[in-house]
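The residues making up each chain are set out below.
Number of protein chains: 2
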Amino acid sequence: MASKAIFYHAGCPVCVSAENTVADAIDTSKYSVEKVHLGTDKGRIAEAEAAGVKSVPALVIDGAAFHINFGAGIDDLK
Amino acid sequence: MASKAIFYHAGCPVCVSAENTVADAIDTSKYSVEKVHLGTDKGRIAEAEAAGVKSVPALVIDGAAFHINFGAGIDDLK
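Top line first, the protein sequences correspond to chains A and B. Residue 1 is where the first sequence starts when you use full-length UniProt numbering, and the numbers rise one by one after that. Residue 1 is where the second sequence starts when you use full-length UniProt numbering, and the numbers rise one by one after that.
Among the clues, some could well be false.
Same chains, same names: a pair is fine if it fits in one copy or spans any two.
[Unchecked claim] DSSO-like, lysine-lysine: derived pairs with alpha carbons at most 27 Å apart: (1) Lys78 / Lys30; (2) Lys4 / Lys35; (3) Lys30 / Lys4; (4) Lys35 / Lys78.
In short, the hints are calculated from the structure, not lab data. All values reported here derive from a predicted model rather than from experimental measurement.
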């Protein structure tokens, strides 16, 4: 089974910067990388929260959440 | 010229977790990945600060600093 990396963001400047560097630096031969815009795809917020995401941008790799910088609190996106 | 990714850490639990997932997920065909333990390699702290690192673990990709979670303040390592 391929490992999964999900990059949650909200289109904010720090999100875009992280997306273009951190998210795009992930080895796609080892991970399937999915990018989710929580500002427009609010249906995925519960899933992100369940994985431990508290702010965006965040990277969830194999179920573990890693917050990148501090952009917008996830509560602000609801 | 190969792009460079530097993962700064201090051996803390969140650092090790980030190292084993985020740092090791980076595509080494696109980036040369270096891992620097600022707790033992204090000579690199100034360089990390110059890149904008304020806490560890942090990932500097092509000169841009991305903080991962919030572990230890960089001032605590001096």
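Self-check item: Hints violated by the structure (numbers, ascending)
Solution: 1
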